[in-house]
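Protein chains in written order, with our numbering: chain A, -6 to 106; chain B, 20 to 130.
The set of hints was computed from the structure by calculation and includes no laboratory data.
By construction, the Cβ of each residue, glycine as well, lies at the ideal position given by its N, Cα and C atoms.
Just to be clear, a hint being listed does not mean it is correct.
When the alpha-carbon atoms are kept at most 27 Å apart in a straight line, the in silico BS3-like pairs for lysine-lysine are as follows [claimed, not checked]:
{"#": "1", "chain 1": "A", "residue 1": "Lys58", "chain 2": "B", "residue 2": "Lys90"}
{"#": "2", "chain 1": "B", "residue 1": "Lys90", "chain 2": "B", "residue 2": "Lys41"}
{"#": "3", "chain 1": "A", "residue 1": "Lys64", "chain 2": "B", "residue 2": "Lys41"}
{"#": "4", "chain 1": "B", "residue 1": "Lys41", "chain 2": "A", "residue 2": "Lys58"}
Estimated spans, in silico, between C-beta atoms of each pair [unchecked claim]:
{"#": "5", "chain 1": "B", "residue 1": "Pro101", "chain 2": "A", "residue 2": "Val47", "range": "25 to 33 Å"}
{"#": "6", "chain 1": "B", "residue 1": "Ala48", "chain 2": "A", "residue 2": "Glu23", "range": "34 to 42 Å"}
{"#": "7", "chain 1": "B", "residue 1": "Phe129", "chain 2": "A", "residue 2": "Gly33", "range": "21 to 29 Å"}
Residues from chain A shown here face chain B by an in silico Cβ test under 8 Å; the list is partial [what the hints assert, rightly or not]:
{"#": "8", "residue": "Gly9"}
{"#": "9", "residue": "Gly33"}
{"#": "10", "residue": "Leu36"}
{"#": "11", "residue": "Gln38"}
{"#": "12", "residue": "Met43"}
{"#": "13", "residue": "Val45"}
{"#": "14", "residue": "Pro76"}
{"#": "15", "residue": "Thr94"}
{"#": "16", "residue": "Pro99"}
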Amino acid sequence: EAQVTQNPRYLITVTGKKLTVTCSQNMNHEYMSWYRQDPGLGLRQIYYSMNVEVTDKGDVPEGYKVSRKEKRNFPLILESPSPNQTSLYFCASAWEGAGETQYFGPGTRLLVL
Amino acid sequence: GENVEQHPSTLSVQEGDSAVIKCTYSDSASNYFPWYKQELGKRPQLIIDIRSNVGEKKDQRIAVTLNKTAKHFSLHITETQPEDSAVYFCAAGDNTDKLIFGTGTRLQVFP
Chain A
-6 EAQVTQNPRY
4 LITVTGKKLT
14 VTCSQNMNHE
24 YMSWYRQDPG
34 LGLRQIYYSM
44 NVEVTDKGDV
54 PEGYKVSRKE
64 KRNFPLILES
74 PSPNQTSLYF
84 CASAWEGAGE
94 TQYFGPGTRL
104 LVL
Chain B
20 GENVEQHPST
30 LSVQEGDSAV
40 IKCTYSDSAS
50 NYFPWYKQEL
60 GKRPQLIIDI
70 RSNVGEKKDQ
80 RIAVTLNKTA
90 KHFSLHITET
100 QPEDSAVYFC
110 AAGDNTDKLI
120 FGTGTRLQVF
130 P
């Protein structure tokens, strides 16, 4: 089954404790992206990747890192989480770019205390 | 940078009525305009999209219109049903591979 998966689905952590949210797709998509969703603010792009080893900042990259060492995986790293990073995070992928259908993962709900 | 405004933030309609959601964008270079539907607790899913070389696109009960001169596009849902209740997001993108989303519209369809 073609899908985008994320892990974990729910995470409670404390300020400053490094964490990684994994994202994987099995559709051989070149484009992958991370969004955060907050009430009243919609979906805001954090980072995106056009292909392996090619990543770029979205609108809200501060406090986040990403890597794209393999085509199927695009992990989101929070080196030192802060309470303002409490949010619902979605990973998405598309064939070649943002100008195509994006397939979203199930979401990761993060609470930073 | 690109900015996308979406209105209204909430919309309540009676089953069978029509619903219209409007978005405006700021970057004249935008050429791709998708609409996503997000049901409660679920992931966003594409329902329809339009590109800048087309003024209108229909898919059964949903349609999208685009006015490039005015830089606005709209989602139209006819004969609404309770299962149309969800949050709808518009978005605008260009060839830089960034996609900017609107803030969402919560649509409630009452039986």
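Comparing the hints with the structure gives:
no.: 1; hint: A:Lys58 x B:Lys90; result: violated (33 Å)
no.: 2; hint: B:Lys90 x B:Lys41; result: holds (11 Å)
no.: 3; hint: A:Lys64 x B:Lys41; result: violated (36 Å)
no.: 4; hint: B:Lys41 x A:Lys58; result: violated (34 Å)
no.: 5; hint: B:Pro101 x A:Val47: 25 to 33 Å; result: violated (44 Å)
no.: 6; hint: B:Ala48 x A:Glu23: 34 to 42 Å; result: violated (22 Å)
no.: 7; hint: B:Phe129 x A:Gly33: 21 to 29 Å; result: holds (23 Å)
no.: 8; hint: Gly9; result: violated (29 Å)
no.: 9; hint: Gly33; result: holds (6 Å)
no.: 10; hint: Leu36; result: holds (4 Å)
no.: 11; hint: Gln38; result: holds (6 Å)
no.: 12; hint: Met43; result: holds (6 Å)
no.: 13; hint: Val45; result: violated (15 Å)
no.: 14; hint: Pro76; result: violated (22 Å)
no.: 15; hint: Thr94; result: holds (5 Å)
no.: 16; hint: Pro99; result: holds (6 Å)
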